Amino acid sequence: MARISVQREDFQIADEIAALRGDRTDMGAIVTFTGTVRDITGELKAMTLEHYPGMTEAELGRVADEAEKRWPLVGCRVIHRYGRLEPGDNIVLVITMSAHRHAAFEAADFLMDFLKSRAPFWKMEETDNGGQWVDAKESDSDALKRWD
Amino acid sequence: MARISVQREDFQIADEIAALRGDRTDMGAIVTFTGTVRDITGELKAMTLEHYPGMTEAELGRVADEAEKRWPLVGCRVIHRYGRLEPGDNIVLVITMSAHRHAAFEAADFLMDFLKSRAPFWKMEETDNGGQWVDAKESDSDALKRWD
Amino acid sequence: MTMQLVYFSWIRERVGKSEESMQLPGDVKTVDDLIDHLCSINEVYQAALGNKSVVRVAVNQTHVNLDHPVTDADEVAFFPPVTGG
Amino acid sequence: MTMQLVYFSWIRERVGKSEESMQLPGDVKTVDDLIDHLCSINEVYQAALGNKSVVRVAVNQTHVNLDHPVTDADEVAFFPPVTGG
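Protein chains in written order, with the numbering used here: chain A, 1 to 148; chain B, 1 to 148; chain C, 1 to 85; chain D, 1 to 85.
With the rest of the complex left out, here is chain A (with noise of 0.2 Å):
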């Protein structure tokens, strides 16, 4: 299975770490992150993510690599949805596997940091009053520094 993936589909947490598992017992920590389609005010009827084909799929690989070298990973897998979404939706999928928790948990943070400010997915906000792209958070791109 491709530790990468970008797709329309909807994914299953509880599979995306079996396939990742497997038959291994040589890692004790899995860390995953799932991010979702937050409507906080209640108006937002659809979120739409257009990306670069291509172009995603090589940053995402790009991270997941940079990751794999900083930390002593035994699994890693990423899987990032575009289209049309609604709130409460899946939109993102990180997993890491470790031997030890402290690796799993920030090759996990890492990834989501490098990936919110590198991997080329765009939001647009869907409500009664039009849609609307989403402006980048300053916060995501100082997140990198934690990384320097």
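Everything labelled a hint here was simulated from the structure, so no lab data went into it.
Note that this is a predicted model, so its numbers are computed, not measured.
Don't take each hint at face value.
Derived lysine to any residue pairs resembling SDA-like cross-links, with alpha carbons at most 25 Å apart [stated by the list, open to error]:
1) D:Lys17 - B:Glu125
2) C:Lys52 - A:Glu138
3) A:Lys145 - C:His68
4) B:Lys137 - B:Thr48
5) B:Lys45 - B:Glu16
6) B:Lys145 - D:Lys17
Chains B, C and D: place on chain A using the hints.
Relative to chain A, chains B, C and D alone:
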């Protein structure tokens, strides 16, 4: 459903996430940590976890309360198994949900650090040479200093 | 010199297309030169790319800075800061 | 003074039981006093609790230090450093 469970039975991560999410759409980040029985040398037959019934639940509850005080979580779940487990089996599950990914990551990391040095569990490893109690790691008590 | 240009998000909406192939003068040597050239064509490109501080660029599907060279047959993509995850 | 004593892991194995109720002299005022008293009873307790640096204690299911007071009807648990997770 209880926020804290101490049980012999295995857990299903997808069911636990679904139960914690319900139909909420106000969180954007879900972090899980799963700890599993690790067998590096291939000699481990089983791992038996003894615990202190009553104190275990109380201690895990105190750790979860502290996490909820420190981070804006919309959900928090801890399941810890006891009894005889085999290599690859699940031991512990922590789930944190928040509007913000760094809060979810930090709270899960914190919960595991405190659980490791506070929750009254003791592991006995069983190999062909008999049983042996696992020594506590210095690094686990050191890890707490990160949260001072 | 012929280049493949690709646009995303509100830059795509302002340019009015998602991609195009374009003949470029030989003095376009960097991404910066390319943006200046496009903005000089008409107000449509000016509205899409004129504010360079909010334009991000990839050459052959890799993030680059404004001083990155562009050459024949490159695929150059223009987009706002990314907002995935 | 009667106390409920509880043992876990290799301390339980060395004491040879998982719990017991014990009558204690009135001069046992702290956890530290209690360990000293138990070690004075015989070699079994000495082997289980003699090395205080590796003994952890909970009174009424809460972690405490050696100077913590113990009183009538307390549940006092002795165990090595925990290794869950």
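Status of the hints after comparison with the structure:
Using a Cα cut-off of 25 Å, the hinted pair D:Lys17 and B:Glu125 holds, with the two alpha carbons roughly 21 Å apart. At roughly 17 Å between alpha-carbon atoms, C:Lys52 and A:Glu138 fall within 25 Å of each other, so this suggested pair holds. Of the supplied pair hints, the one linking A:Lys145 and C:His68 holds, its CA atoms being roughly 23 Å apart against a limit of 25 Å. A distance of roughly 18 Å separates the Cα atoms of B:Lys137 and B:Thr48; the hinted pair therefore holds under the 25 Å criterion.
The hinted pair formed by B:Lys45 and B:Glu16 fails the criterion: a straight-line CA distance of about 28 Å is larger than 25 Å. For the proposed pair B:Lys145 and D:Lys17, the alpha carbon gap of about 35 Å is over 25 Å, so the pair is violated.
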